[in-house]
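Listed below, chain by chain, are the residues.
Number of protein chains: 4
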Amino acid sequence: MIHEECGVFGIWQAKSGPVAQMAYTGLFALQHRGQEAAGIALSDRGVFRHHKDVGLVSEVFAKDELDRLGEGNIAVGHVRYSTSGNPGRSNAQPIVVRHGKGNMAVCHNGNLVNSTLLREKLEQKGCIFHTTSDTEVISYLLTQERLESGSIEEALERVMDRIDGAYSLVVMSPTKLLAARDPRGFRPLCIGHLPNGGFAAASESCALDAVGARLERELEPGEIVVVSREGVSSIRSHCLQSTRALCVFEYIYFARPDSVIEGCTVHDARRCAGKLLAAAHPVDADVIIGVPDSGLDAAIGFSAASGIPYDVGLVKNKYVGRTFIAPSQELREQMVRNKLNPIRRVIEGKRVVLLDDSIVRGTTIAQLIHIIRETGAKEVHVRISAPPFLHPCYYGTDIDSEENLIAARHSVEETAAFIGADTLGYLSVEDAKKIPGQMGCGLCTACFDGCYPTQVPRDAGKNRFEQPLF
Amino acid sequence: MIHEECGVFGIWQAKSGPVAQMAYTGLFALQHRGQEAAGIALSDRGVFRHHKDVGLVSEVFAKDELDRLGEGNIAVGHVRYSTSGNPGRSNAQPIVVRHGKGNMAVCHNGNLVNSTLLREKLEQKGCIFHTTSDTEVISYLLTQERLESGSIEEALERVMDRIDGAYSLVVMSPTKLLAARDPRGFRPLCIGHLPNGGFAAASESCALDAVGARLERELEPGEIVVVSREGVSSIRSHCLQSTRALCVFEYIYFARPDSVIEGCTVHDARRCAGKLLAAAHPVDADVIIGVPDSGLDAAIGFSAASGIPYDVGLVKNKYVGRTFIAPSQELREQMVRNKLNPIRRVIEGKRVVLLDDSIVRGTTIAQLIHIIRETGAKEVHVRISAPPFLHPCYYGTDIDSEENLIAARHSVEETAAFIGADTLGYLSVEDAKKIPGQMGCGLCTACFDGCYPTQVPRDAGKNRFEQPLF
Amino acid sequence: MIHEECGVFGIWQAKSGPVAQMAYTGLFALQHRGQEAAGIALSDRGVFRHHKDVGLVSEVFAKDELDRLGEGNIAVGHVRYSTSGNPGRSNAQPIVVRHGKGNMAVCHNGNLVNSTLLREKLEQKGCIFHTTSDTEVISYLLTQERLESGSIEEALERVMDRIDGAYSLVVMSPTKLLAARDPRGFRPLCIGHLPNGGFAAASESCALDAVGARLERELEPGEIVVVSREGVSSIRSHCLQSTRALCVFEYIYFARPDSVIEGCTVHDARRCAGKLLAAAHPVDADVIIGVPDSGLDAAIGFSAASGIPYDVGLVKNKYVGRTFIAPSQELREQMVRNKLNPIRRVIEGKRVVLLDDSIVRGTTIAQLIHIIRETGAKEVHVRISAPPFLHPCYYGTDIDSEENLIAARHSVEETAAFIGADTLGYLSVEDAKKIPGQMGCGLCTACFDGCYPTQVPRDAGKNRFEQPLF
Amino acid sequence: MIHEECGVFGIWQAKSGPVAQMAYTGLFALQHRGQEAAGIALSDRGVFRHHKDVGLVSEVFAKDELDRLGEGNIAVGHVRYSTSGNPGRSNAQPIVVRHGKGNMAVCHNGNLVNSTLLREKLEQKGCIFHTTSDTEVISYLLTQERLESGSIEEALERVMDRIDGAYSLVVMSPTKLLAARDPRGFRPLCIGHLPNGGFAAASESCALDAVGARLERELEPGEIVVVSREGVSSIRSHCLQSTRALCVFEYIYFARPDSVIEGCTVHDARRCAGKLLAAAHPVDADVIIGVPDSGLDAAIGFSAASGIPYDVGLVKNKYVGRTFIAPSQELREQMVRNKLNPIRRVIEGKRVVLLDDSIVRGTTIAQLIHIIRETGAKEVHVRISAPPFLHPCYYGTDIDSEENLIAARHSVEETAAFIGADTLGYLSVEDAKKIPGQMGCGLCTACFDGCYPTQVPRDAGKNRFEQPLF
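Protein chains in written order, with my numbering: chain A, 1 to 470; chain B, 1 to 470; chain C, 1 to 470; chain D, 1 to 470.
With the rest of the complex left out, here is chain A (with noise of 0.2 Å):
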């Protein structure tokens, strides 16, 4: 499975009160783009708090540790999935910087390009680093900027002349909330209005949602709003300077179905996904089934387009998670069926259409069809809703390298065959780009087709922090 690197969220309102525990309840719906870290720093009146820990949202905050959190005006949360081998606490965010010119606390969805640059310039500075990601690299340009600029928010004007790639970012000050993303805009980032006339940022919507904020807007790619006592702005000298590139891996995989980005709900994106493939991938079937969750939206709409009855085929079972046991040896082909169970009645001596969001290796999804088989079905039509993984991603997720991407190495006949299905269809990358509706150009398909918006990274694929050192 890919996964998406994390999730942000802000929130300000003038008067004291219980951000630290709106925070939380963001977090928790904006869980699913990380499960390894979760964080939040609270600003009381500019005394700093914050918490941090490896966990679920719920593991790392419970009771009291919200109680000791207290109240605030300002919250600025984290939810993190760590991809580079570094999942150790050290690396959960906020990243909480104490300084004379005033404190900071920095959370940061994406990667850089050019971090390991930036890195090496720093050190030879004498800076001294306690993590591996980049938002350490960006709140020391914040800090050093800070130090020559009039405002937090001049500072991050100028950072954003020095760092390249992905970035949705909300940072807090003692008195201002900051909400920027990238000027091609990789990640999403939103923000909405509470009913006591505070403010909310938030990768996703349903984190608005959750919290009671109605949607506002999206931020521009490059813009930069600052919430303060004197209001909300927006400086934009950073719009514009690109091409838009958002990740439509967000629309297909990443995002909740409820949330909306770039003006298109996630789950009308999907249900078109759906339609795009059953025109472009017609099939004779009896019944079509997706693989929970993030298959059925598409199935959904595949069967509204095809007139194929869509049905329930594939339980989850929804106590799965980090803690279960992989089975011993001999049960390790129940593996998946621990996860999800076919209904025979709904599967037995049919023609199956199976709508996944994604193949990466294969090997799960060639044990699902070997489990639908067994159960009787009598074909098995894979469709998914994602074009074929051929490349790399450098901005934030941890889509594999190429030898390790079925895609990459084999035609689609082949990769048919080998995970046993009748027939595959894939979703081509020009109906990729037509998912999200009006706005059919700015996506980000690299992944797909290798057409990277930014420079490759100088270091791609090494992780220098796993060598040993002379």
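Be aware that a few hints might be false.
Copies of the same chain are indistinguishable here, so a pair counts whether it falls within one copy or spans any two.
Derived pair list, reagent style DSSO-like, types lysine-lysine, alpha-carbon separation capped at 30 Å [as the list claims (entries may be wrong)]: (1) 318 with 339; (2) 318 with 434; (3) 318 with 433; (4) 121 with 176; (5) 121 with 101; (6) 339 with 125; (7) 15 with 339; (8) 15 with 63; (9) 176 with 125; (10) 378 with 318; (11) 339 with 316; (12) 125 with 434; (13) 318 with 63; (14) 125 with 101; (15) 433 with 121.
What the hints contain is simulated information worked out from the structure, not anything from laboratory work.
Position chains B, C and D against the provided structure of chain A, taking the given hints into account.
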């Protein structure tokens, strides 16, 4: 929400092997039947080891606990939901009895109606109880009958002469696995065979699937199945004594949709309930949406019968669990939204049919309807895939006392007004009896119509252990 | 090291108050008598609440557990050390019995010699056991006698007719606190009064000190003390039945030096042992050092009698606990040193007398002597403030089987050679009987001389629960 | 009670091995120097792994954490007591710096007096701080000097030009272990060699003993020792710059009695303090008792000098730890008794000399004296083996501000009256300087006489991180 009390699992194989791991996997598939406690007992050539505690299966059994249980050739396991205000560790099952006549482990799903009487008699004979559960009563009776009996199965027959009510049992002796179902068959219990020649028994067939066993058949009401080196035998002395009375709510809500009960797939029964609802309470609407997870199957059936398009209108946050912290007062109205968020594009401007499985107090669905209307629905028509709850259950579920059941105090029209629905339609009791298809008779519908298949317990509604003594 | 099995504590007061906190404090003072499990049961006007688990008192009872127990007017508590390979949670005490005749909580220190027989009889009557402890046998008997008796104290009298061996009991009924000591008085048990008019019973007087109670007196062997609203009464029907046989090792090692047992302060008994040793085994030396902690008192006595200066020669790391990780093989020889480190200046170039309380296998003291010699001692003369262990104990301590007792297989000279001592002197059995001063008779010295005050248990040395059961 | 801030440990060996286990064992022996947090960093041929957290050494390092650290050839470790209200995890050490010039791990015992100034300068250069500890300041300076230096030891020399105050450091680079001590030698630091040819450095020699290392010598004030494949070298550029100023309280209280500091065994220094006290404040009494644990050594010395018999009069509950729950209000006066219980037989009717190591606020000793009188002492004469605390400490201990020091506001007679002592005698500052024998000069006694060996820090007494920041 209504809760089931328990799920049971047992496994027997000729040679020593990872039966604890198998029981773990089986219980994991039964987790929806009880989330408060879990336990496994294992027989390693007659030596018993066991572990049980409060928590989910994956919490109670970390890797080292399974390792400590080690290998064996028989295992029994249990998941528990506690209804009686005694959620503590001491009520976790299996109950493991150390006794000169041979050790024994007992797992039970259901509630006896004469347990208070039996308990008093046992106490008058000098027995002491460590728990408040019926299972300990059964364990005592089984121990005492065993002293007089040639075999444990003979003892179990005698015990079944004395106990009345709902029980699906799995019992482990040092050499045998027993499974037994009460003469009315209130709770499901099935048996399957393993590829290695062994056998497994489980509350639901989805647990057999999970361990790679093939469903052989369900136990008949009143049947005892004995598995040992001598093979599988069946004792039917208590069969055909009573009218069948399978809990219809197993189909409507408790069981997993992929399980087969009395020959009927639960998913099919739910689709059928949706079809019957569509016929009984037709409505002119634009979209039919189900309340996840249990309302989805019936919604698909309703759509197929009515022609109203099915869509996903509510997104469930899959990370909601027991540890989620209730928001502060200010955020209380957001509570439902943290679990279920509407998709505006599916709902806005539409006449919506909302399908749920039951209404207890009516407060949750009222909040949900409020949210759906706020999201822009023009009309909200509620359809419930069960009849109204009017009476308490004495057979192992926690259906509330009548004063808390909205339907017991209000007409359908009043309820509709209270919850804010334009129209409200319940499944009729007659239709409820039809949902499993061919076996249209033999269901317990006492919570709907008050026709109790047994005598009502003498102390119904009281819990003497909560009272001060002397 | 030899371990005691248990400590017991009970408290009664007229008005409801923090009796759980008092029991906690009392058990904390008795922690040295058992570190494996702890538990408290409380009666709040007849409603029982209890909590018990494996761990130290401070681990089992976090703040919220004490809060959950709440206030009450009676409480009993227990600390446990398990000798029999069943350290699990199920053997923790108190045993709380729920019964129509009245609830009850039982705490026990000691071992019965006829428990196997009693247990078999109970099992033949259909009783089931959840634990392997003698306490459950006593609980059963007490329950059964209670059915026939006018009062719980009458029932306890009858139980004392049937049980044989070592037992100091505290029992709580909904309205009474009972304390009872076996007719030989193997284990200590005392009673004191509280400033608020209440009473407390405890294994040792140090627990009375800890809760601010004033030691009133020790229970006579065979006595039952009953505390209730009617005041304090005493039942002496089992007194003077048998010869007194207080375990002499309570003085030598088990009890805290500040406790008073049978009128003699433990510290005094230990100083006396040191004096008697100095007289029996004189030596020409430069310094006398004790092995912390229990050897220190005797060393001071030895110094006073011999004129050899007392000094601190070994420093104990006070953070050593159960969780300390055994060093890797390479560091194994450092093990003893992690607990006890010599002070070179005290030892180097000196003729050292080393005073310890006992030798079991001899391996630890051998390592210690090796370290002391390495540190530069010219001579090491070992004096042991107990006689050599030659026989197993059946009364509640874990003195090993004879094949593991170095003294049972070797002469004093051989032992001295094995452990590397220049000379080795034990306290004689005659002298051991003199250490508590005035009460020079009435001590159990069976582990030294084999003169068992009771019949030896039929199944001595076997643990049938570890055997496979068919 | 006065607390030390930290203990440090380092180990280097040529071949890969269990250095993490060795560091664990060494830190375990230094646990008395800090109980709030612990950490170990290891270099496995240049690859760094580390783990640190709040808690005791045995809590922070469970078996699997040590396993995860694995083998290596260098390790450094730290135990921490936090004085500044920031006990959190982020201040745990070692501080591990990832840097292109080479990774580094830094452990520090002591307090700088110019850290605020240094920190401000660093922040003005754009440095960001994650912690509030001086160690991070040192880590920054070391990193920055390293950019300009030929070697890490050269960088450390330069850092020592810039920092002022108390510091004993151990630093690990990928290939070297460095140990350094400030030019006044406030805190101890020693080095020893291992049987395998390796070397260990530690705050106290007892940690060398624990790992089987032989104390070679203590570092000179101002010395840097470098251990690498090239062997052991010493840099003395900062030696003899300043007057020696070893903290005298290391002898009186902080260090373990078995440690050797500046050639003097701590136990000897304490005995010496007792002897000097006996001479300065003679008394006619029946028994001398020490307050465990640190008063015992001095009490033995007092006894030897005065002829008054030494005995054990107070028994310490060795299970008292951080998790012990403070008793309810009603039991508050029992608090001291839960830790220290008097032995009546030793005290009753006697004129008692009570020896303790220090008086801070006077409340604890007042309660203790009250208890001793209640136990029947005829007179209580208090002797303190340190001079009165009159001034705060800026060198790494948490001696309170003057308003809380009883001696700063009251005469000796007033203090005696307040605590309820018949007489009270302190060690004089002149005598305190004599306790380590031969090295009667070169001790820091600032907390007693206000003669600070360095400039007093500019912001003494303030903690700017607790202030709101705008």
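Starting from the hint list further up, note which numbers the structure goes against and sort them upward. Of the numbered hints, 6, 12, 15 do not hold.
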